[in-house]
Amino acid sequence: MLYYICHDCITTLHIGCMIGKYPYLKPSHRIKVDGLTIQITTNSSVSRSICHTCHRICQDKLVFMISGKDVCFCSLDCVHSSSCRTHFDVNDFLL
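Numbers 5 to 99, taken from the working numbering, label the letters of the sequence shown in order.
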């Protein structure tokens with residue numbers, strides 16, 4: 005585990021908690037994954053979303069949504085998963 009330690013303010017932070025699982029992905033950006041346009045959004049609401057693929061509560065700082073649809077994924081692994089892809093006609097979600 006990696007930690008950031010500030011000796012001036014006597015603070016120790018776990019780097020994974022500080023920057024999250026996807027440090028190079030930013031909220032409000034869109035990415036293409038397997039032909040789908042995915043909107044990256046913050047997971048900061050009081051009620052957390054449920055992942056469409058694994059059916060777990062999305063716990064990370066970011067969630068991945070199909071642009072224009074109310075379909076949420078907790079990770080890029082879940083977006084890539086073939087089990088979630090069988091529920092969609094990919095052409096319905098292309099921009």
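Just so you know, the hints here were simulated from the structure itself, not pulled from any lab data. Keep in mind that a hint or two might mislead.
[What the hints assert, rightly or not] Below, simulated DSSO-like cross-link-like pairs (lysine-lysine); rule was C-alpha separation at most 30 Å, straight line: (1) K65 <-> K36; (2) K30 <-> K65; (3) K30 <-> K73; (4) K36 <-> K73; (5) K25 <-> K36.
[What the hints assert, rightly or not] Across the chosen pairs, the derived CB separations fall in these ranges: (6) H11 <-> K36: 24 to 34 Å; (7) C13 <-> I35: 29 to 39 Å; (8) I9 <-> K30: 25 to 35 Å; (9) H59 <-> K36: 47 to 57 Å; (10) D81 <-> R34: 38 to 48 Å; (11) D12 <-> K73: 14 to 24 Å; (12) S51 <-> H11: 31 to 41 Å.
In this text the structure is predicted, and so the values were computed from the model without any measurement. Note that the Cβ used here is the ideal one computed from N, Cα and C, for glycine as well.
Hints, verified against the model:
1. The hinted pair formed by K65 and K36 meets the criterion: a straight-line CA distance of about 20 Å does not exceed 30 Å.
2. Distance restraint check for K30 and K65: the Cα-Cα separation of roughly 10 Å lies within the 30 Å cut-off, and the hinted pair is therefore satisfied.
3. With a C-alpha separation of about 19 Å, the suggested pairing of K30 with K73 holds against the 30 Å cut-off.
4. Under the criterion of a C-alpha separation no larger than 30 Å, the hint pairing K36 with K73 is consistent with the structure, at around 15 Å.
5. Proximity of K25 to K36 is assessed by CA-CA distance (about 18 Å); at most 30 Å being required, the pair is judged to hold.
6. With their beta carbons about 43 Å apart, H11 and K36 fall outside the hinted range of 24 to 34 Å.
7. C13 and I35 have their C-beta atoms about 35 Å apart, which keeps the hinted 29 to 39 Å range intact.
8. Separated by about 26 Å at the C-beta atoms, I9 and K30 satisfy the suggested range of 25 to 35 Å.
9. A C-beta distance of roughly 25 Å is found between H59 and K36, which places it outside the suggested range of 47 to 57 Å.
10. Between D81 and R34 the Cβ separation comes to about 19 Å, which falls outside the hinted range of 38 to 48 Å.
11. Taken as a hint, the range 14 to 24 Å is violated for the pair D12 and K73, whose Cβ atoms sit roughly 47 Å apart.
12. One distance hint, 31 to 41 Å for the beta-carbon pair S51 and H11, holds here, with the actual separation near 39 Å.
Checked against the numbered hints above, the structure breaks hints 6, 9, 10, 11 and satisfies the rest.
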